[in-house]
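Novice: Now for the letters of each chain:
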Amino acid sequence: MNIPAYYEFCNRVKTFSGHKALDQLPQILQNLKAKKPLIITDKGVSAAGLITIVNKALGTKVKAGAIYDDVPPDSDLKVVNKVAEVYKNKGCDAIVAVGGGSVLDTAKGVNILVSENADDLMRFTGAGAVKRKLKPLIAIPTTSGTGSEVTLVAVIADHENSLKMVFTSIFLLPDAAILDSRMTKTLPPFLTALTAMDAMSHAVESYICIGKNPLSDAHALSAIELISQNLLNVVKKPKDLEGRLALANASILAGAAFSNSMVGMVHNLGHATGAICHVPHGSCMSIFLPYGLEYNLHKSEKAIGELYFALAGAEAYNDTPVKERPFKTIEFLRNLNEELHTATDGRHSRFLGEIFDRDNNPMVPQSKLKDIAVNAMGDGAKIYNPEELSLEDNLMVLQHAFDGTPLNLKKIKKG
Amino acid sequence: MEKLKDYSFLCQPKIISGKKSLEGIPLELSDLNASKPLVLAMNNISDKHRKTFTKAFGDSNMSFTLFDGIGQYAGVTAAREAAILFRERGCDALIALGDGPVMNIAKGANILLSMDKHLHKLTNDVEINQHMKPLVYVPLGAAMGLEATSKADIDLNLYDSPFLYPDLIVIDDRLVIDASVEDMNYSALMALTGSIESSSLELSNPMADSYAHASLAYISENITKGIKKKKKNSCLALANGAVMGSIAYSNAPEGIVYTTSKAIERLLGHSAAAVAGLLLPHWLELKSADKKPVRDVLMLALGGFDVYSSTPKKERPHGGVNLLEDLIHNMDDYVPLDLKSLNIPQYKLKEIAQYATETNSTIKKKDILTLLERAYDREEI
Amino acid sequence: MKIYEEIKPKKKPIKKIYVAAMLWFVGRAIQAAAKTDKNVKEEFKNLRDDFAFSLGVVPNGPVMIVGKTKEGKVKYQGWSKKGQKLTLEMNIKNIEAAMLVFTFQESTSVAFARNRFFVTGDLPDALAVVRILDLVEVYLLPKIITKLAVKRYPKWSELNPIKKYVNRIIIYVRTILGV
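Taken in order, these protein sequences are the chains called X, H and G. Residue 188 in our numbering sits at position 188 of the first sequence; the count goes up by one each step and never skips. Position in the second sequence (from 1) plus 1000 gives the number in our numbering. Position in the third sequence (from 1) plus 2000 gives the number in our numbering.
Don't read these hints as lab results, they were simulated from the structure. Only a predicted model underlies this, so the values are computations on that prediction, with no experimental measurement involved. Treat the hints loosely; a few may be bogus.
[What the hints assert, rightly or not] Over the 12 Å line for every Cβ pair with chain G, so calculated as not near, a few chain H residues: (1) 1039; (2) 1061; (3) 1063; (4) 1085; (5) 1089; (6) 1119; (7) 1128; (8) 1289; (9) 1296; (10) 1332; (11) 1360; (12) 1374.
[Said to hold, decoys possible] With a straight-line Cα cutoff of 30 Å, these simulated DSS-like cross-link-like pairs (lysine-lysine) come out: (13) H/1019 x G/2011; (14) X/411 x G/2041; (15) X/411 x G/2011; (16) G/2147 x X/164; (17) X/63 x X/78; (18) G/2143 x G/2035; (19) X/413 x G/2011.
Note that beta-carbon positions come from the ideal geometry of N, C-alpha and C, so glycine has one too.
Please take these sequences and the hints and turn them into a complete structure.
Specialist: Spelled out as structure tokens, the structure:
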């Protein structure tokens, strides 16, 4: 295991994991000296009965100050402002966020406003603008997942002004994250696949990009192993609680990994595709993942080869000659996408050209590829990618990702 | 595929490691809303360390007070002295420039400072609440296992609170290269113990495993190059291994090897690290024989992907134990052959076991005794 | 009773001078390149009209500032943040980190990955500045050094060496003369 010349690592979110981990919620709140939490969630989570479980866990010891369950799928500034008002009006003293990435980001945004007693979130954008400890925040993820429960980033969209505000600060980290298998038990197979591939992309990119460090590596490998061993089972048998807990752990491990080592091309192109064509993040991640490895193969060959161990297991790794391992990794991920496509009755997309919306319209038309390529030039993940990415490089990859064809390795410009 | 157990895990400190990492301290402190640190160090801190540390603050607009009054057996008095100095100089953060006693005293001072107004004498039942000053730990390559944890050992009293964790650990390659060979060996042995005990089957969780894995990998790959050849990268890796091992360990209940080694240290004065190096393989052998399998991830961490995957599945648990024994063999000069060679009379074993269970009631006296007896006389095995 | 000293660490004037010189040179070179190279011109064209960024070391400098004037020209605007309306600040965390970057021991991307920088302002703008710096470094430095600073040495400069060398001369002259 190489020692990097320099690295930083921080994951100070206290993690609780178990089939009944939520039962510890009252004690966790008490340790944080919180008595009146605001529960932030969305309608989907509510409808699935998950808030009932949370309330039951709170029991008689703690009563929620209020519940806000109307967070939209895309975190929104107006909602953040609204929720902050609820927090203040109800005299809450802590936040419990129950949901996926959008809920968690919204909760972080709300926490900035209520802790700083501010009404303008814009003041806190950028890196390091939030400078002190915020109110207690407990994250209870219901997808496995974005890893937002352990990241120090929040992204809130100002839809009115077409802006995306990015907040980065160590103080945005939740105080605790609770992984309870009951919280993801009802996640439909299609979303299970998407969110798990999101976690997979975090772990894989974290392992091959230039910010890699020993702790992010160890977390990433664990995450990859857990996803590889459990994802298909859980997609086929959604009530597999052991599998659900494993995926929840994978998500948090992958989150801790990428939060510290950053991500690269897969997220770079994925963010841009999401911004221009509104494709769900997980779809973008699954599609771009094999391409990210192909593109960076000449720079990260050894690391990509090692990933095969975590993906396919020791025996398969041993049976594969060293030089073939990186290619096997890429093949494994492509096969995984295929299997997920089958297991979700075609809902899990394998390439950009086969993503359709509810009205069966293609979400990524060929004509938009240039816009995506241009948008990707402005995304920060680019910096951490092992190989340089120019506009032409983006277009090349996007075209292949659109058609579903592997990259021509000879055409990659090597730095 | 191992089933996941219920667990909770916390790694409070931010870790910074490598080239020019010391220079990052001023900005990190200002992120913690601090600007006037008290730096604690041993009374025999080298000029080189003093200079390197001071230069790192150059051009930062930050000055510091240096309390270099900590001796090998420093206790409450030193903690009080540091706390008083802290208040006098209007400091707002603590930096422990050193391992073992330095970090213990820094934590002790932090406990005292968190008590309002008067600096009471530190006692066992002190309530450690959350008003702790920011604490930075700067290792010098001789970590003894508690530094990165929530614990402090002051005057043979053990204080344990999540508020005692350091906020920041800065592992600078210029500072970890000068530890003595003895210290580096002992540091590695404590880290091995912490990592292996925290990731034993009864206690495993994937988060702690990540730290334990990294710790074991670094120690096994660097022990000879670091200690014998004093290569900068290797010393850095070993120091990282020590920190990661203790973080893994800080999330697990104290294990039998650690408890027993500490008991022998307290009762008879032998180095806990040396004894741990002796007991660890014995404990693993006992587990293997007892059909409580040693996890095969031990072999993965110590041997790497290729060694692990080319070993037949059934042989991996014991393969890991063998690799550990080979590793400890590299530290032979500092690990006793057996307990007998330490001149511990056989009748003392019962007393040691008794004392150990008193310090840690989760471990059965019978098990400790079995371990001690196995490690007593090498010739008898 | 022992007196424990308060230590006021010394400044690092030589390193500051070196970094200041590099920043001055790079700042003026950006100004020159914006007139000479079409890629740099294009990058600046895509930035907002009131774009002005600082690149420097905290807490005490040195700093360089480059921004767009009202007429749309790109100008090196000195070494003081006072009175400047900056839309982007790229701060290097300490003078030693700056030395690592300006002695090419750490490339710009590696320095970012190692958190040697922190950025206030729009991230896409920061990425544009990184691209501009990469382009300017190709002109300012011999290939052997530029390769340490950038992720991928641009093919165009190898395909069209005359353009590279001619522009290099022009940019150097413009940098020194400030025209």
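Novice: Now tell me, hint by hint, if it's right for this structure.
Specialist: Hints versus structure:
Distance to chain G contradicts residue 1039 of chain H as a non-interface residue, since its nearest Cβ pair spans about 8 Å, not more than 12 Å. The claim that residue 1061 of chain H lies off the interface is violated: its Cβ sits roughly 5 Å from the closest Cβ of chain G, which falls inside the 12 Å cut-off. Consistency note on residue 1063 of chain H: stated as away from chain G, yet its beta-carbon is not over 12 Å from all of that chain's, at 4 Å minimum. For residue 1085 of chain H, the condition that its CB be more than 12 Å from all CB atoms of chain G is violated, with the nearest at approximately 6 Å.
Distance to chain G contradicts residue 1089 of chain H as a non-interface residue, since its nearest Cβ pair spans about 7 Å, not more than 12 Å. The Cβ of residue 1119 of chain H sits about 16 Å from the closest Cβ of chain G, beyond the 12 Å cut-off, so the non-interface label holds. Residue 1128 of chain H, annotated as away from the interface, keeps every beta carbon of chain G farther than 12 Å; the closest lies near 26 Å. Listed as a non-interface residue, residue 1289 of chain H keeps its Cβ farther than 12 Å from every Cβ of chain G; the least gap is roughly 47 Å.
With 12 Å as the threshold on Cβ separation, the claim that residue 1296 of chain H sits away from chain G holds: the shortest Cβ distance comes to roughly 34 Å. Listed as a non-interface residue, residue 1332 of chain H keeps its Cβ farther than 12 Å from every Cβ of chain G; the least gap is roughly 38 Å. Non-interface status of residue 1360 of chain H relative to chain G is upheld: no Cβ of that chain comes within 12 Å, the nearest being about 38 Å off. With a cut of 12 Å on Cβ distances, residue 1374 of chain H stays outside the contact zone with chain G, its closest approach being about 47 Å.
For a cut-off of 30 Å, the pair hint linking residue 1019 of chain H to residue 2011 of chain G stands: about 20 Å separates their Cα positions. Only pairs whose Cα atoms come within 30 Å are accepted, and residue 411 of chain X paired with residue 2041 of chain G is accepted, the gap being roughly 28 Å. Between residue 411 of chain X and residue 2011 of chain G the CA atoms are separated by roughly 50 Å; this puts the pair beyond 30 Å, and the hint is violated. Straight-line distance between C-alpha atoms of residue 2147 of chain G and residue 164 of chain X comes to about 34 Å, which puts the hinted pair past the 30 Å bound.
Of the supplied pair hints, the one linking residue 63 of chain X and residue 78 of chain X holds, its CA atoms being roughly 27 Å apart against a limit of 30 Å. Between residue 2143 of chain G and residue 2035 of chain G the alpha-carbon distance is near 22 Å, which keeps this suggested pair within the 30 Å criterion. A C-alpha spacing of about 44 Å is found between residue 413 of chain X and residue 2011 of chain G, which places the hinted pair above 30 Å, so the restraint is violated.
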